[in-house]
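Could you slot chain B onto chain A? The hints should help.
Chains as they are written, first to last, in our numbering: chain A, 1 to 538; chain B, 539 to 738.
These are calculated hints, taken from the structure and not from any lab test.
Some hints here could point you the wrong way.
What the hints assert, rightly or not - Partner residues are not named here, just some residues of chain B that face chain A (Cβ under 10 Å, in silico):
1. Leu597
2. Ala601
3. Ser604
4. Ser608
5. His615
6. Trp618
7. Ala631
8. Ser633
9. Cys636
10. Arg639
11. Leu640
12. Trp642
13. Arg647
14. Glu681
Said to hold, decoys possible - In silico negatives: residues of chain B with every beta carbon more than 10 Å from chain A:
15. Ser572
16. Lys575
17. Pro603
18. Arg675
19. Ala678
20. Arg682
21. Asp683
22. Arg685
23. Ala695
24. Gln696
25. Arg707
26. Arg710
27. Met713
28. Gly714
29. Val732
What the hints assert, rightly or not - Examples of chain A residues lying across from chain B (beta carbon under 8 Å, computed):
30. Leu35
31. Leu37
32. Ser380
33. Glu382
Every residue gets a Cβ at the ideal spot worked out from N, C-alpha and C, and that includes glycine.
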Amino acid sequence: MRTPPGLAPESFADALREFEGIVGKNWVFTSDEDLHLYQDAYSPFWGEPEERKASAAVAPHSTEEVQAIMRVANAHKIPIYPISTGRNLGYGGAAPVYSGSVVLDLKRMNRILELNERNATCLVEPGVSYFDLYRHIRANKLKLWIDCPDPGWGSLIGNALERGNGYTLAPYRDHWGAHAGMEVVLPDGDLVRTGMGAMPGAKTWQQFKYGYGPHLDGLFSQSNFGVVTKMGFWMMPEPEAFRSGTVMVYRYDDLFKLVDILAYFENLKVMSATTRVESPLLFGAFKAPPPSPELAALRARHPSREEYESFAAKNDVPYWSVILRFYGSPKVTAAHWEYAQEKFGTIAGAKFKDGDFYEFPLSDAAANQIMDKAPLGIPSLEAFSMGGRTPTNPTPSNGHMWFSPIIPLSGEAVQECEKVFREAFKEWGVNPLGLPLPQLYHERTFFQIYGFPISHDAETNRKNRETFKRMIALAAEHGWGEYRTAPAFMDACADTYSFNNHALRRLQEKLKDAVDPNGILSAGRYGIWPEHLRKTRS
Amino acid sequence: MSTRRQFIQTGAALAALGTISDSIASEPAQVHISLYKVIVDATFAPSLAFGERAAWLGLATHASPSDVTSLWYHDLHPRWMRSAAPIAGLTSAESLFCLERLAWDHSMRVLFKASHTALPGGEIQHSLMGPEPVVERLAAGYERDPRWASLTADAVAQFPAMRGRPSQRTLRARMGCVEARFEGTLVSWVIGPVVETVRT
Numbered sequence: 001m002r003t004p005p006g007l008a009p010e011s012f013a014d015a016l017r018e019f020e021g022i023v024g025k026n027w028v029f030t031s032d033e034d035l036h037l038y039q040d041a042y043s044p045f046w047g048e049p050e051e052r053k054a055s056a057a058v059a060p061h062s063t064e065e066v067q068a069i070m071r072v073a074n075a076h077k078i079p080i081y082p083i084s085t086g087r088n089l090g091y092g093g094a095a096p097v098y099s100g101s102v103v104l105d106l107k108r109m110n111r112i113l114e115l116n117e118r119n120a121t122c123l124v125e126p127g128v129s130y131f132d133l134y135r136h137i138r139a140n141k142l143k144l145w146i147d148c149p150d151p152g153w154g155s156l157i158g159n160a161l162e163r164g165n166g167y168t169l170a171p172y173r174d175h176w177g178a179h180a181g182m183e184v185v186l187p188d189g190d191l192v193r194t195g196m197g198a199m200p201g202a203k204t205w206q207q208f209k210y211g212y213g214p215h216l217d218g219l220f221s222q223s224n225f226g227v228v229t230k231m232g233f234w235m236m237p238e239p240e241a242f243r244s245g246t247v248m249v250y251r252y253d254d255l256f257k258l259v260d261i262l263a264y265f266e267n268l269k270v271m272s273a274t275t276r277v278e279s280p281l282l283f284g285a286f287k288a289p290p291p292s293p294e295l296a297a298l299r300a301r302h303p304s305r306e307e308y309e310s311f312a313a314k315n316d317v318p319y320w321s322v323i324l325r326f327y328g329s330p331k332v333t334a335a336h337w338e339y340a341q342e343k344f345g346t347i348a349g350a351k352f353k354d355g356d357f358y359e360f361p362l363s364d365a366a367a368n369q370i371m372d373k374a375p376l377g378i379p380s381l382e383a384f385s386m387g388g389r390t391p392t393n394p395t396p397s398n399g400h401m402w403f404s405p406i407i408p409l410s411g412e413a414v415q416e417c418e419k420v421f422r423e424a425f426k427e428w429g430v431n432p433l434g435l436p437l438p439q440l441y442h443e444r445t446f447f448q449i450y451g452f453p454i455s456h457d458a459e460t461n462r463k464n465r466e467t468f469k470r471m472i473a474l475a476a477e478h479g480w481g482e483y484r485t486a487p488a489f490m491d492a493c494a495d496t497y498s499f500n501n502h503a504l505r506r507l508q509e510k511l512k513d514a515v516d517p518n519g520i521l522s523a524g525r526y527g528i529w530p531e532h533l534r535k536t537r538s
Numbered sequence: 539m540s541t542r543r544q545f546i547q548t549g550a551a552l553a554a555l556g557t558i559s560d561s562i563a564s565e566p567a568q569v570h571i572s573l574y575k576v577i578v579d580a581t582f583a584p585s586l587a588f589g590e591r592a593a594w595l596g597l598a599t600h601a602s603p604s605d606v607t608s609l610w611y612h613d614l615h616p617r618w619m620r621s622a623a624p625i626a627g628l629t630s631a632e633s634l635f636c637l638e639r640l641a642w643d644h645s646m647r648v649l650f651k652a653s654h655t656a657l658p659g660g661e662i663q664h665s666l667m668g669p670e671p672v673v674e675r676l677a678a679g680y681e682r683d684p685r686w687a688s689l690t691a692d693a694v695a696q697f698p699a700m701r702g703r704p705s706q707r708t709l710r711a712r713m714g715c716v717e718a719r720f721e722g723t724l725v726s727w728v729i730g731p732v733v734e735t736v737r738t
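The shape of chain A in the complex, shown without the other chains (with noise of 0.2 Å):
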């Protein structure tokens, strides 16, 4: 059996016979093989001692169990580390931040506890994972939509708490920004309601935000202040028809007029879906055939702006092009539409194309055949499958982690920003996956995302992360910052965070150690650390 650091293996064991008392034997899990499955399948330290591991799993049922399981846990100080469906690949899956931390599984809390078609909301435990909302939606024919990352599999509170995002309308795509409410437990066992929900009785937890005083929500995302066991979210009512439309500009500098009328689409919620600009001359466009061989010959040489910018408008192939996509009933749509393709129409030898056209309700067979399901809110797990094994690629890698820093909306900062990681990858040798494009997904800011892939070689992993922090470092040099990163990463990107010493990272300190006095819950997640493991953290 397993044990977490510092703690006798008697007392461990006695924690574990209390738990068994509050979920019963069946829901607590110390087997290797049961542990298993708690671990990261995208660890950046596969199979190196570092590799964050469970000491066991404990899986309550009721928030009435996750309040008796942290009062167990103060007893014993053991270090607890909730997840919901740990899903959170790319960014730690199921594993404990701490090693040796014991998982609170909260997957069988999976009870959709409210749907208010009328108002457009909903109240969900830890477990409901978007699929799960989408057909309870599809089964009941209720008019919302959900808005979901991609992959569709994880859970609502787990994404938004992480700070996750989706791909319909600003309001909901931003999936932190789109909750109202929550149940927190904290680590002593006291509960706690947030918002209108503070209020007994009251009428409107979903649907305003803010209650009366101190809004503490935030305290409760990317943190370790408490565990959330309820969680209300604002959705989106099914719109009568969606339009989608690209925008294609062919002269390197008409990057910045693009971003600037985005950024008054964006502003104005005239077009507040996520998308992405991206460069089909330069690395093709998403989900978009291999080049010609005339543009991949063009590509190897490493051509000038000028040769670019020829080839462009020789055979038609855009230096810059953005999907727009529109939301409301089929006349609003074609409205904004045209209103786009005025706007960005001020752009000398812009062109347009014509998207996808749909309207709702969609049947499961024509929903089924939608090649891009997330901007409709309907989740999949296609993403696996595009980084897949495929004639193409038959050599794919075990994940990924992604560098994804938040930079300005702006055709500047993009060419800064390309500029800087393309010349410190030159020095370094270095050669990340993926598209250098600027993704639109948090509202007013692009991140600029790169790909690190995750081997079963531990010397290529550990240059990897080496990679993975001098780039945490550089960028912030430019003033970028990580939105949210893996266990490895959480500490140097919040190392970064640094404004008079420091100054936010000791507000938390005093924080967690008032709230978590023990240092029970999640030591080190997002680089908060309970006091007796400061001196140590890695």
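What follows is chain B alone, placed relative to chain A:
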């Protein structure tokens, strides 16, 4: 959701009812798992050969693309919500990655897995993990017969219901004519409830 231990208890209950006699239980390969579906990825020729053989053996086959969303959402999930139901397949590793994790939520595990890697020179490397009788029988078959995908279908069709001693083998063999049309690595696998050989 049922638990892994409930499945263990299911095995014990079967024995108690006399479905599995003492003599048979000591030879677990003679009591076979009842496969709900055999999953085939039509992108890959060996997977098609595997599926054809499985169908010939009377197993229900299901062709799925590498994206298993539809298979899981419309078929496996509703079935597994009723009770655990074993499946087998010859697919990409990515398909198995998804199906394995989805199966965990229904108290099932990968009981057998073989990686098949095409090598230069017309050879194939098989790396097998699973119950000893299955691994040994397949390893011997791969060495004498190049129709490895069909042999694998035979093995999963007769997969033992009770978990035996685990074993691992890696070997190289010749490719068959159908199986010659693939590159990289494919995986064959069985997912099912864990049923211990230990009686209670």
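**Hint check against the structure, violated hint numbers in rising order** = Of the numbered hints, 1, 2, 6, 14, 17, 29 and 30 do not hold.
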